[in-house]
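**Student:** If you want the building blocks of each chain, they are given just below.
6 protein chains.
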Amino acid sequence: MPYIKIELTREGVSREQKRELIAGVTNVITNVLNKDPKLTHVVISEIDTDNWGFDGEQVSDLREKGITADKKN
Amino acid sequence: MPYIKIELTREGVSREQKRELIAGVTNVITNVLNKDPKLTHVVISEIDTDNWGFDGEQVSDLREKGITADKKN
Amino acid sequence: MPYIKIELTREGVSREQKRELIAGVTNVITNVLNKDPKLTHVVISEIDTDNWGFDGEQVSDLREKGITADKKN
Amino acid sequence: MPYIKIELTREGVSREQKRELIAGVTNVITNVLNKDPKLTHVVISEIDTDNWGFDGEQVSDLREKGITADKKN
Amino acid sequence: MPYIKIELTREGVSREQKRELIAGVTNVITNVLNKDPKLTHVVISEIDTDNWGFDGEQVSDLREKGITADKKN
Amino acid sequence: MPYIKIELTREGVSREQKRELIAGVTNVITNVLNKDPKLTHVVISEIDTDNWGFDGEQVSDLREKGITADKKN
Chain L
1 MPYIKIELTR EGVSREQKRE LIAGVTNVIT NVLNKDPKLT HVVISEIDTD
51 NWGFDGEQVS DLREKGITAD KKN
Chain S
1 MPYIKIELTR EGVSREQKRE LIAGVTNVIT NVLNKDPKLT HVVISEIDTD
51 NWGFDGEQVS DLREKGITAD KKN
Chain B
1 MPYIKIELTR EGVSREQKRE LIAGVTNVIT NVLNKDPKLT HVVISEIDTD
51 NWGFDGEQVS DLREKGITAD KKN
Chain X
1 MPYIKIELTR EGVSREQKRE LIAGVTNVIT NVLNKDPKLT HVVISEIDTD
51 NWGFDGEQVS DLREKGITAD KKN
Chain H
1 MPYIKIELTR EGVSREQKRE LIAGVTNVIT NVLNKDPKLT HVVISEIDTD
51 NWGFDGEQVS DLREKGITAD KKN
Chain P
1 MPYIKIELTR EGVSREQKRE LIAGVTNVIT NVLNKDPKLT HVVISEIDTD
51 NWGFDGEQVS DLREKGITAD KKN
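Chains as they are written, first to last, in the numbering used here: chain L, 1 to 73; chain S, 1 to 73; chain B, 1 to 73; chain X, 1 to 73; chain H, 1 to 73; chain P, 1 to 73.
Just so you know, these hints were derived from the structure itself, not from any lab. Worth double-checking, as some hints may not be accurate.
For identical chains, the list gives no copy identity; a pair is met inside one copy or between any two copies.
With a Cα cut of at most 30 Å, we get these calculated BS3-like pairs of lysine-lysine [what the hints assert, rightly or not]:
#1 K71 <-> K38
#2 K35 <-> K5
#3 K5 <-> K72
#4 K5 <-> K71
#5 K65 <-> K35
#6 K38 <-> K5
#7 K72 <-> K35
#8 K72 <-> K38
My request is simple: use the sequences and hints to build the entire structure.
**Tutor:** Structural data, given as structure tokens:
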């Protein structure tokens, strides 16, 4: 009976990306735990950048300084 | 000191239905546990159907296929 | 697709009370929203009284002072 | 690795107040626990007053009756 | 800055399975969203079967009736 | 009506530290928002290090490698 909540900043996540998150996370959970996907719910919660804090600062302030959360290459 | 979070898909829940959810759930909790309702908080969180996944699929995709979460009669 | 989280202090809630909470809350939710109970999950989270704060104080400190969360009669 | 969720009613909290909440809460957590603020995330979730229940009533109903959550002086 | 909470019933999930859940979910999230894994936190919450309700019933009651959440083959 | 959840790894947080977290966080929230502390609840959730993932790794694995979350001096 897994339930998964994904919280991320609201920065233009597309419907297709959400579809991939739901499919991918459900796949990991049900494979690792051998759980029925019909008992597996995933909820995505998008948070305004004003409402997320990291290192004591608002993410919207960090973004204005050019600091992103992108993967390093 | 109970706190109750209700997460559901954002599909036209009315103010009156929310009022009934709050009253009904508070009633169950305070009666079963003999708790003071003045210490009981209920939070309803409505989730876009793009953001809820079930069985590995987006609920908005399921709805477009005609699959609902309605009670069976 | 409702999901309900109930947080309460760990103060001797019995298995039978949990059963009543689950049945009662599921009943309210599925009736008010006309939702399929097979898509309705309820999670009870019991919190140690050291870990719950109210009015700026630890509930375990409040209990030691004789302050309860019981319903007033 | 602390994560802090702050839920409050959506009643005109300003960007500056959110900045103060994030800075203040991060400060308390990292000082009390001696944790690296770069591992500390704060998420603020604003809840419509129709969606928050207290004492079995919708906060929007309480507000219409003139009942606020303001600090008593 | 994603944060992921995974709630599942406490039914003998091993440390190795938790390791796989953390690695697998982080991989999906950071790939789909192109996010830095150093900003990605995953929290697993194991819930006693007495404390999880499905279809109005306690999971521990369902298990005693031989009903599992295992994947169908 | 604020509700605050603090999630942290279970690594020997004392009752006194919890008391300070509750008092300090309640103080920040009620001062910044001018809210009644009698409507302010704080819940601390301690998570086993096997159950917290950061950067795709279990915190218990990170700790065994000598990596901590302590504040840098």
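**Student:** A separate judgement is required for each hint: does it hold in the structure or not?
**Tutor:** Tested hints:
| no. | hint | in the structure |
| --- | --- | --- |
| 1 | K71 <-> K38 | between (32 Å within a copy, 9 Å between copies) |
| 2 | K35 <-> K5 | both (17 Å within a copy, 17 Å between copies) |
| 3 | K5 <-> K72 | both (25 Å within a copy, 24 Å between copies) |
| 4 | K5 <-> K71 | both (21 Å within a copy, 21 Å between copies) |
| 5 | K65 <-> K35 | between (44 Å within a copy, 18 Å between copies) |
| 6 | K38 <-> K5 | both (16 Å within a copy, 19 Å between copies) |
| 7 | K72 <-> K35 | between (34 Å within a copy, 8 Å between copies) |
| 8 | K72 <-> K38 | between (36 Å within a copy, 10 Å between copies) |
When each numbered hint is compared with the structure, no violation occurs for any of them.
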